[in-house]
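Residue numbers (the numbering used here), protein chains in the order written: chain A, 1 to 153; chain B, 1 to 408; chain C, 1 to 361.
Simulated from the structure, these hints should not be mistaken for laboratory data. Hints may contain errors.
[Said to hold, decoys possible] Here are the simulated distance ranges between beta carbons:
id : chain 1 : residue 1 : chain 2 : residue 2 : range
1  : B       : 303       : C       : 130       : 50 to 58 Å
2  : B       : 32        : C       : 360       : 30 to 38 Å
3  : B       : 310       : C       : 162       : 41 to 49 Å
4  : C       : 81        : B       : 303       : 30 to 38 Å
5  : A       : 38        : B       : 193       : 22 to 30 Å
6  : B       : 360       : A       : 131       : 28 to 36 Å
7  : A       : 106       : B       : 193       : 46 to 54 Å
8  : C       : 360       : A       : 22        : 46 to 54 Å
9  : B       : 377       : C       : 348       : 48 to 56 Å
10 : C       : 185       : B       : 310       : 46 to 54 Å
11 : C       : 273       : B       : 277       : 50 to 58 Å
12 : B       : 377       : C       : 194       : 52 to 60 Å
13 : C       : 103       : A       : 22        : 45 to 53 Å
In this text, a Cβ means the ideal position worked out from N, Cα and C, and glycines have one as well.
Each chain is listed here by its residues.
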Amino acid sequence: MSNEDSQQVRPARRRLVEILLGGGVFASVVSFLYPVLKYLVPPAVPDLGQDDVVAAAVGDLKPNGSKVFRFGSRPALLLLTAEGEYHAVSAVCTHLGCTVQYRSDLHEIWCACHNGTYDLDGRNVSGPPPRPLENFQVNIRGKEIVVSRKRGV
Amino acid sequence: MTLAVCALAYGSRAQTANTCLDCHGVLDPPLRVTEAQFSQDIHFQKGLTCASCHGGDPTKADMDAMSKAAGFRGKIERNQVPALCGRCHSDGNFMRQYNPGLRTDQFSQYQTSVHGKLFAKGDTKVAVCIDCHGVHDLRPARDSRSNVHPLNIAQTCARCHSDAAYMKPYGIPTDQFANYSKSVHHEAMTARGDLSAPTCTTCHGNHGAAPPGVDSVKNVCANCHVFQAQMYEKSSHKTVFQSAGLPGCVVCHSNHGITHPTDAKLGTGPEGVCMQCHSPGDDCDRARVGLLASLTKLDQSIKSADSVLGVAESSGMEVSEARLQQDQARDSLTKARVTIHSFQPKLIDQDIQAGLKIAAKDLQAGKAALSERDFRRKGLGIAVIFILITLVGLFLYIRQLEGKPANG
Amino acid sequence: MKIVKQVREWIDERFGWAKLTEPLRHKTVPIHKLSYWYFLGGITLFLFGIQVCTGILLLMYYRPSANEAFESVQYIMTRVQFGWLIRSIHSWAANLMIFTAFLHMFSVLFLRAYRKPRELTWVSGMILLFLVLGFGFSGYLLPWNTLAFFATKVGTEITGQVPLVGHTMMVLLRGGEEVTGATLSRFFGIHVAVLPGLTAFLILIHLALVQRFGMSLPPSVQAASKVNPSVVREMKFLPNFLLREFMAWYIALGVLGALAALLPWELGTKADPFGAAPAGIRPEWYFMFMFQTLKLIPSKILHIDGELLGIGAFGLAGAIWVLLPFLGGQREKRGGRLIRGAGVFALCYIVAMTIYGYLAK
């Protein structure tokens, strides 16, 4: 492949070129492959579905406690009653979109913006909210609390 | 004659004949009532005629219509108006035929009002039914053109209550409407279109209009501002204000010119309210200073987290999770500001600490995003260097292959 | 190196590899002052390869349903390690590929490489250009963000304006009367299965034809070489020209990486089919010139609907463009000038309309 002329090039020079080219190709290919290989490894948070989310682990919530977690691209509220029941509702207030919270003193869901209140299943009880909060299904899967959209209805 | 009546019946738009408008439609004011005007009237639309209130015979085509024999009353005097309206509107059996859902206690309510009480003593300057509701083009309250539609009520009241000359004999202020126009409630209604925002009648009542008593102001505000009222109820200020005969919420928030409260209310500037009563250096003053400081601290930390997140976002980093959490931090701040009404620094501090925690986490997330961005740029730099090395290598290899005679 | 020789011999004994690759080893590329334009085809092919690789990687995490598409792209951008890199490279390479494809087409036009015997190479190339635009249009919707949703709505709406078959075409494209999750499913299938299959097939034909006929010499160079043969020299394709192509490809790779890291592709906001269209809705830059033209055409010209005329005009222009080599006419010189004139007009029109489209906002 190489013509006669290349034989005149000093061996040291050829070595340098070889190292440069070989090393460069190797290094750049590694710098391409490294991200690709890391990409293929599933991330720690296995799911960001719109329909199914691990909201917390069993034991994360204390009785009469709550947690705001991400469901799809919007916040949702997981709460554990004093009796040990889990409830999960959308945390976006149906009035003007503020994030609602669980009032452990009043045992109801409250919106700080305009005093809207909802019961633990998301039904709007008083104040400005015109519609109930979307209610989600809560299942325990081993140590995980899985919140998913209600099917059917 | 019957033919003429039938013809008139067909000709007029009402269910029953109403010849009064034939003349009164072209007379000069104050006798002028046009068909265009009266067709807008709710009573007309329900089938009533001029004779329903004024008496007379609406089927007659000329001055015979105004016959005393037919019960013609002519102009209704102001002191006769409430009783005339009440003749129908207080009769439950009668009103059920037209609108079973309408209340029929307006007249009895009116009699409890300041207007009604003065009216009973013979004062005809006070408002009677037609002053607020209109008379010949009376529209229901839900019609946005009605004088008693929520958007228009304040202006209707202001017609008298802002007229200093008119109100002189009564010795009450006439700045209510001017103050209300600057208020956050007025803004909610006019700028944000919130029809549930309070107007004059919300706090004063409509037919039974009277100012709420000093002790009951809090109850009125509490109808909407539930949590603030609950906290205030359990607070030290409630007993003090009550025993001093001070009107609760109004002391700090005023009654008509209720502006959007800011943290400056806790300050010592013109908007500050605490120092109206408290002395500088006393326990409460110190608590106030602490409160203001921690509220400001939370506000600042939320803002600084926001700005770092903004920088990260504009560099192309994805920080939507942290942005979501920021909403919660802001909620904590709102909550803290509501808890102020308990006047218990410990309670307020709980909300503030919660908010500070969230804001601090978000600031961290923003900083992490920025360092991730820097890491990516470094990684890019390294990859570019490798690529450049390869390019140089390729270039030299090509030259070597093709044996360029220049410095081999 | 010995192992490479052994493997080559093994393959050759079974498949006649040496004989197959014989023509490739003899292939030469004419080098002259205009030969840099020869790189464009290869770069477009390289970018297509990048798209296939990053596309397959994206397929590992992307979910093509209206409920999950946006979230899955968000997931790739935020949770998957180097997901941001793969996704941004995919988006940037898409735009770069369309750009180089257009440049390649225009350079072939102005260097007159479409002439006999290369007519079918031109036709296959034009079909590839349309396929690439199809890739752009279908892929744009997949993140299911507001801009993409409404751009697709407008784009498919315009398709519906075509007389007779327009409505059917639109319904087939949209998977219904409106743009919904069904549209997303269709576009996804088109983007990852239909178009790649067609494109791979046409690339093979296109490359085979290029192999068959070799690189064309521009007429100006041809004329000059008759006078002075040293104006052109032949360079071996393997390895010399190929090594230079590798350099071009590596530069492209570096540019892509820089773009992905410094100017990451944005996510936008999730599409709300019932929300209002944002102000200033517009298609991607490669459709802008058509979009702007349609906006400028008056609503009625001589009783014919303006939009219809616009679509018709572009359809006609597309058809003419595909058949360009056959429209040269007998007198080559005259045909040459006509086509060059048309090319200059088209290029200026596209550039001007694209710039106008952006400034007009």
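Quick rundown of the hints versus the structure:
no. : hint                      : verdict
1   : B:303 x C:130: 50 to 58 Å : holds, 51 Å
2   : B:32 x C:360: 30 to 38 Å  : violated, 56 Å
3   : B:310 x C:162: 41 to 49 Å : holds, 45 Å
4   : C:81 x B:303: 30 to 38 Å  : holds, 32 Å
5   : A:38 x B:193: 22 to 30 Å  : violated, 52 Å
6   : B:360 x A:131: 28 to 36 Å : holds, 34 Å
7   : A:106 x B:193: 46 to 54 Å : violated, 30 Å
8   : C:360 x A:22: 46 to 54 Å  : holds, 52 Å
9   : B:377 x C:348: 48 to 56 Å : violated, 38 Å
10  : C:185 x B:310: 46 to 54 Å : violated, 36 Å
11  : C:273 x B:277: 50 to 58 Å : holds, 57 Å
12  : B:377 x C:194: 52 to 60 Å : violated, 38 Å
13  : C:103 x A:22: 45 to 53 Å  : violated, 33 Å
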